[in-house]
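*Asks:* The chain contents come next:
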Amino acid sequence: MRNPKIITEHWGKIDPLKIEDYLNVGGYAALKKFIAKMDPQKALDEVKISGLSGKGGAGFLTGAKWEIVAKQKGEKYFICNLDESEPGTYKDRLIAENNPQILLEGIILAALTVGAKKSYIYLNGNFEKAREILERAIEQAKENKFLGSKILGSKYLLEIEIFSGAGAYICGEETALINSIEGNRGEPKIRPPYPTEAGLFGKPTVVNNAETIANVPWIIQNGGGRYSECATKLFVLGGAVKKRGVAEAPIGTTMKKAIEELGGGMQRGKDFWFAQVGGAAGRLYLEKELDAPITGSGAILVVDKTANLYDLLLSWTGFFRRESCGKCVPCREGTFRLNEIVERLADGEISDRDKEAMLDILWTLENTTFCPLGKFAATAVRDAVDKLGVVSTNYE
Amino acid sequence: MKIIINNKKYTAKVGETIFQVCMRSGIKIPTLCGAKYFHEGLCRVCVVESGGRLITSCNTKVAKDMEIVTESEKISKARRINLELLWADHAGKCATCKKNRMCNLQKLAEEYKIENFHFVPRKGEMTNSEEQKLLRDNWSRVVVENENPCISRNSEFCVECRRCVSVCPEHKFGFNHRAGDVVVGTAYEKVLDCSFCGKCVEVCPVASLTDQNDYAKIIEDLDDLKRFSVAVVDLGTPEKIKEQLKNITPEQNLEKIFLELGFEKIINLGEKEQNREDEIIENIKTDYARKEKIDPKNIRTFFVSSKIYKKAKKSEYLDYVLSEREVARLVRDKGKMVAGKIKR
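Here the protein sequences line up with chains A and B, keeping their order. Note that numbering that gives the first Met the number 0 gives residue 236 to position 237 of the first sequence, counting from 1, and the numbers run on in steps of one. Note that numbering that gives the first Met the number 0 gives residue 217 to position 218 of the second sequence, counting from 1, and the numbers run on in steps of one.
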């Protein structure tokens, strides 16, 4: 069976500013089905059967997350994480810009399933266009009674608020995101308690990535069983491939297939060197390792042999040196010093002192940081050390 | 519940952290960001090993049958690297530091033998003309503020441990900027204006928050043979001074210490005189001076107390307010000199 396009089906064919376009292609059928024939428990079961997992990178099972919150009574929140600030990743932004209503329908279904009456879209502050589109979409959804006090005449109610962050990378981490909405400094909190137990304003909270949520209408409409057979993922191709951009392909697509089929192969005259999968925090894969399926957020940067490794290292370490929140010692000082050492690599040589310090910093970032950002900051550089031989003199 | 620390069984209560159990059982774990009542898990120095993973002992709660190791090669490595990263900004500043020999970071650096410097210090006060160039060269911002009457702030020494942020009852401090540029400071970098309870100075592990004073003048007055220096020691302060002196001198007789510092008279406030210090201090330059036939102009009154807000209330009757830390600092510096007044 050909894999359906679950998220990108109507991209470019419908006007994101008009809800009628989305309704004409069968939009909000899932919500109508939910209201007419289903209850939250049934919807939760479908999501659990579907095996839907987080598309932001961590891959936690969505159904399991929802169940923890759905079981609890009282006030709850549902948050759509649209903070997407990983370099080279822009799939969530494109969802909001191309088909905002599918995202809203997903949020409504998810919020009603877990029993939340208030939902936030945590939007990266830099996404001006997406914000305008989403604001308009929410208004239109309200006019059509998909949102508000009596959704489609039922007892369900939901309010969606767009919360614009200031564009910090760390605010994509769910506890930092919650801190940000609460008005605190955007930095991670200690877990446990997990947001599913004590999240936004101390209430049980589900935080889901926008892409994850955009899958929900299809699952409710077509059943979790079918989804589990043909689940897809958005991949973001960048670098030295012919076709760059976002492509939807089955889950488990290998890197090789993604580069050759989705990306149309290497650009003319460029030789493959390595691929970075998952943005600046991603691992590096050499040609012989490309048969593995793509994991994480789905971004692939294809680097050819003309690229300057020093520039890449500077860009990775510079990014984390800027984006560390500054809370814990190894990350705050480590990312700074790592960037400092890389700056000294300009001539392609590394002193023994720097080499020792670099390995120490990578180790402490991997083992002792407060939140996963520290590990992310080390990943690419670690692979550059292990696979590309950065710290051996004359790495080129 | 039972937990296993270093292959030995210990009893722990539900809700306790690993750090608390270890402290109670006499197992030493170094920590920098934690103070008595709160732990943020920021310095990553208190790491211990559990199931092969490094976890912070200060904010991890004990679980049943948990197995913990508090010393291993991996743990030492983590502590060494994280301390070195902090130490990098401090290297070479100890000799002239107000908190020399009274500093938590210095003590830990000695204990973990931070001796090889991989990094160049990047913190220092900058004047405007240099600023642009140095910031470009990766120097970080430093806040130096001596405008308020009680607390001297200098973030050059700051290790961003957040103790002051957590302890302040008025929430005056916070993290400004982010990543390597983090500076602990007040909102909008305004001059600190609070009730000056002094809790932040008490918890600061380094010399970032210290008591505001005119140190050179204090030494001069104490040393001057013409001056008659009177110390009014507040209730409860002697114990605090002894605690501070632990690292500096084995001498325990406070009277003797004060005399050696150059004080002529010591008045210890007792239970009855509690909160009557103003009255007693006023007495010194008036009634007492008349009685002893000393010119009040030559009398210097010192109020030795941890109530550092008194520094803002100096008057013709009260010349200096010394906290327990400043007394320790005087003892530290005077240790090298001749005891008592210096003949000029």
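Because the hints were derived from the structure by calculation, they are not lab data. One should not assume that every hint holds.
The following residues of chain B were derived to be distant from chain A, with all beta-carbon distances above 10 Å [what the hints assert, rightly or not]:
(1) K76
(2) K106
(3) E238
(4) E250
Listed next, the in silico DSS-like pairs over lysine-lysine satisfying Cα-Cα at most 25 Å (straight line) [stated by the list, open to error]:
(5) B:K306 x A:K188
(6) A:K242 x A:K269
(7) B:K296 x B:K313
(8) B:K241 x A:K188
(9) A:K32 x A:K154
(10) A:K12 x A:K116
(11) A:K188 x A:K41
(12) A:K188 x B:K60
(13) B:K76 x A:K374
(14) A:K354 x B:K63
(15) B:K76 x B:K198
(16) B:K60 x B:K92
(17) B:K245 x B:K189
(18) A:K255 x A:K287
(19) A:K116 x A:K202
(20) A:K188 x B:K255
(21) A:K374 x B:K225
(22) B:K76 x A:K354
(23) B:K122 x A:K354
(24) A:K354 x B:K73
(25) B:K241 x B:K333
(26) A:K32 x A:K202
(27) B:K312 x B:K189
(28) A:K70 x A:K47
(29) B:K60 x B:K27
(30) B:K171 x B:K225
(31) B:K12 x B:K97
(32) B:K241 x B:K225
(33) A:K374 x B:K73
(34) B:K60 x A:K202
(35) A:K70 x A:K128
A few chain A residues that don't get close to chain B, going by computed Cβ distances all over 10 Å [to be verified]:
(36) I161
(37) N178
(38) R352
(39) A356
Being a predicted model, the structure only gives us computed values, none of them experimental. Yeah, the Cβ is synthetic: ideal placement off N, Cα and C, and Gly gets one too.
*Asks:* Confirm or reject each hint.
*Replies:* The hints, checked one at a time:
no.: 1; hint: K76; result: 7 Å, violated
no.: 2; hint: K106; result: 17 Å, holds
no.: 3; hint: E238; result: 33 Å, holds
no.: 4; hint: E250; result: 36 Å, holds
no.: 5; hint: B:K306 x A:K188; result: 34 Å, violated
no.: 6; hint: A:K242 x A:K269; result: 14 Å, holds
no.: 7; hint: B:K296 x B:K313; result: 15 Å, holds
no.: 8; hint: B:K241 x A:K188; result: 38 Å, violated
no.: 9; hint: A:K32 x A:K154; result: 15 Å, holds
no.: 10; hint: A:K12 x A:K116; result: 32 Å, violated
no.: 11; hint: A:K188 x A:K41; result: 33 Å, violated
no.: 12; hint: A:K188 x B:K60; result: 15 Å, holds
no.: 13; hint: B:K76 x A:K374; result: 17 Å, holds
no.: 14; hint: A:K354 x B:K63; result: 42 Å, violated
no.: 15; hint: B:K76 x B:K198; result: 33 Å, violated
no.: 16; hint: B:K60 x B:K92; result: 37 Å, violated
no.: 17; hint: B:K245 x B:K189; result: 36 Å, violated
no.: 18; hint: A:K255 x A:K287; result: 10 Å, holds
no.: 19; hint: A:K116 x A:K202; result: 12 Å, holds
no.: 20; hint: A:K188 x B:K255; result: 50 Å, violated
no.: 21; hint: A:K374 x B:K225; result: 64 Å, violated
no.: 22; hint: B:K76 x A:K354; result: 16 Å, holds
no.: 23; hint: B:K122 x A:K354; result: 23 Å, holds
no.: 24; hint: A:K354 x B:K73; result: 19 Å, holds
no.: 25; hint: B:K241 x B:K333; result: 16 Å, holds
no.: 26; hint: A:K32 x A:K202; result: 29 Å, violated
no.: 27; hint: B:K312 x B:K189; result: 22 Å, holds
no.: 28; hint: A:K70 x A:K47; result: 14 Å, holds
no.: 29; hint: B:K60 x B:K27; result: 17 Å, holds
no.: 30; hint: B:K171 x B:K225; result: 42 Å, violated
no.: 31; hint: B:K12 x B:K97; result: 40 Å, violated
no.: 32; hint: B:K241 x B:K225; result: 29 Å, violated
no.: 33; hint: A:K374 x B:K73; result: 17 Å, holds
no.: 34; hint: B:K60 x A:K202; result: 21 Å, holds
no.: 35; hint: A:K70 x A:K128; result: 37 Å, violated
no.: 36; hint: I161; result: 23 Å, holds
no.: 37; hint: N178; result: 12 Å, holds
no.: 38; hint: R352; result: 6 Å, violated
no.: 39; hint: A356; result: 4 Å, violated
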